[in-house]
Amino acid sequence: MKVYEQVLEFETSGELDIVDITDEVESIVASSGIKDGICLVFVPGATGAIIVNENDYHLLEDLKRILAKLVPNTGYAHPVNARSHLRAMLLGNNQALPVKNGRLQLGTWQQIMFVELDTHARHRKVIVKVVGD
Amino acid sequence: MKVYEQVLEFETSGELDIVDITDEVESIVASSGIKDGICLVFVPGATGAIIVNENDYHLLEDLKRILAKLVPNTGYAHPVNARSHLRAMLLGNNQALPVKNGRLQLGTWQQIMFVELDTHARHRKVIVKVVGD
Amino acid sequence: MKVYEQVLEFETSGELDIVDITDEVESIVASSGIKDGICLVFVPGATGAIIVNENDYHLLEDLKRILAKLVPNTGYAHPVNARSHLRAMLLGNNQALPVKNGRLQLGTWQQIMFVELDTHARHRKVIVKVVGD
Chain A
16 MKVYEQVLEF
26 ETSGELDIVD
36 ITDEVESIVA
46 SSGIKDGICL
56 VFVPGATGAI
66 IVNENDYHLL
76 EDLKRILAKL
86 VPNTGYAHPV
96 NARSHLRAML
106 LGNNQALPVK
116 NGRLQLGTWQ
126 QIMFVELDTH
136 ARHRKVIVKV
146 VGD
Chain F
16 MKVYEQVLEF
26 ETSGELDIVD
36 ITDEVESIVA
46 SSGIKDGICL
56 VFVPGATGAI
66 IVNENDYHLL
76 EDLKRILAKL
86 VPNTGYAHPV
96 NARSHLRAML
106 LGNNQALPVK
116 NGRLQLGTWQ
126 QIMFVELDTH
136 ARHRKVIVKV
146 VGD
Chain X
16 MKVYEQVLEF
26 ETSGELDIVD
36 ITDEVESIVA
46 SSGIKDGICL
56 VFVPGATGAI
66 IVNENDYHLL
76 EDLKRILAKL
86 VPNTGYAHPV
96 NARSHLRAML
106 LGNNQALPVK
116 NGRLQLGTWQ
126 QIMFVELDTH
136 ARHRKVIVKV
146 VGD
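Protein chains in written order, with my numbering: chain A, 16 to 148; chain F, 16 to 148; chain X, 16 to 148.
The shape of chain A in the complex, shown without the other chains (with noise of 0.2 Å):
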């Protein structure tokens, strides 16, 4: 049993910028050596996301649309940036992957992406750690 990590590191471009981390993350849980265990995403901030979900343009499209519904963007008591914290709690900022002969074992419309919701382009970093044997 070991545990391995890195840190992701990039540039998003603004709200709601979706950044597809797939690859990286597979790649991440290939240098761990890890053939079967726990692979944890996870976004050391209060105002991204991390989605496990089919990245197609529309598809997210429709993302942006329902977290303006369900969480507009004004009328907050919290300055500047309630929204994108409201809509982090929502999406979740953590999610937890099985690995299984040193690959995700992830579905074939399944993809990871950070989600910026914070209010501006920002440079992010994401903890992947992978527990197992």
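Think of the hints as simulated: they come from the structure by calculation, not from any bench.
Take these hints with a grain of salt, some might be off.
It does not matter which identical chain is meant; a pair holds if it fits inside one copy or across any two.
Here are the simulated lysine-lysine pairs, PhoX-like style, with alpha carbons at most 20 Å apart [unchecked claim]:
{"no.": "1", "residue 1": "K50", "residue 2": "K17"}
{"no.": "2", "residue 1": "K115", "residue 2": "K17"}
{"no.": "3", "residue 1": "K140", "residue 2": "K84"}
{"no.": "4", "residue 1": "K115", "residue 2": "K140"}
{"no.": "5", "residue 1": "K17", "residue 2": "K79"}
{"no.": "6", "residue 1": "K115", "residue 2": "K79"}
{"no.": "7", "residue 1": "K115", "residue 2": "K84"}
{"no.": "8", "residue 1": "K140", "residue 2": "K17"}
{"no.": "9", "residue 1": "K79", "residue 2": "K50"}
{"no.": "10", "residue 1": "K17", "residue 2": "K84"}
Please build the complex by placing chains F and X on the supplied structure of chain A, with the hints as guidance.
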């Protein structure tokens, strides 16, 4: 420390069918021989979710209605089943549960349920991975 | 590799009371002696949630208002506390966090908070499980 995995397979009857898999997951934990650790329950698909809550008929009816209110059936760019994907993102496709003395540490009113969010009956797999001692 | 567990216990003051447990969870991670791994924070109950976000008074007021908007207080089939269950499903009752150098790898604005979603004050338990090296 070890890692143990089994994959559940079952049929769903259609959109918003909810399947209680608590006994099956508990049985996998028992089979694992792991006494203390973490159990990951993961849907390898983009239109299913796992909830850990009360298996009460009326509550599940309430859940179906609130999902339809938050993410209505129509009005999306992604064809056919956008609602399925969006609802899956809100509920989550993975849940991590603690294990002690070879059993899940669930509360009295917590059952593990698969929620079929796709628009039709499907054959489903759920990956159950146990890591621990 | 080892597994370590402690259970937090505390009283909540009523519906939508939010209790910051960051220091307690950090202290459990320190007690575990585990330097590198995963920390699971789990509510063994169907009407409580764990959020990992900014502990700011105004933001938490915004959270309470958005929960009331998304999942209104009344209009359900399940008696009394349907809203509590439904809100718990949206926010999630478990969060997995990375551990490094014997500490949680939280961002600057990330605190771990228990959200009381039931309709009254309660005695609560939160299971904290650490797996790693």
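Going through the hints against the structure:
| no. | hint | in the structure |
| --- | --- | --- |
| 1 | K50 / K17 | both (10 Å within a copy, 12 Å between copies) |
| 2 | K115 / K17 | both (14 Å within a copy, 13 Å between copies) |
| 3 | K140 / K84 | neither (28 Å within a copy, 32 Å between copies) |
| 4 | K115 / K140 | between (25 Å within a copy, 15 Å between copies) |
| 5 | K17 / K79 | neither (38 Å within a copy, 41 Å between copies) |
| 6 | K115 / K79 | neither (32 Å within a copy, 34 Å between copies) |
| 7 | K115 / K84 | neither (38 Å within a copy, 38 Å between copies) |
| 8 | K140 / K17 | neither (23 Å within a copy, 27 Å between copies) |
| 9 | K79 / K50 | neither (36 Å within a copy, 38 Å between copies) |
| 10 | K17 / K84 | neither (43 Å within a copy, 45 Å between copies) |
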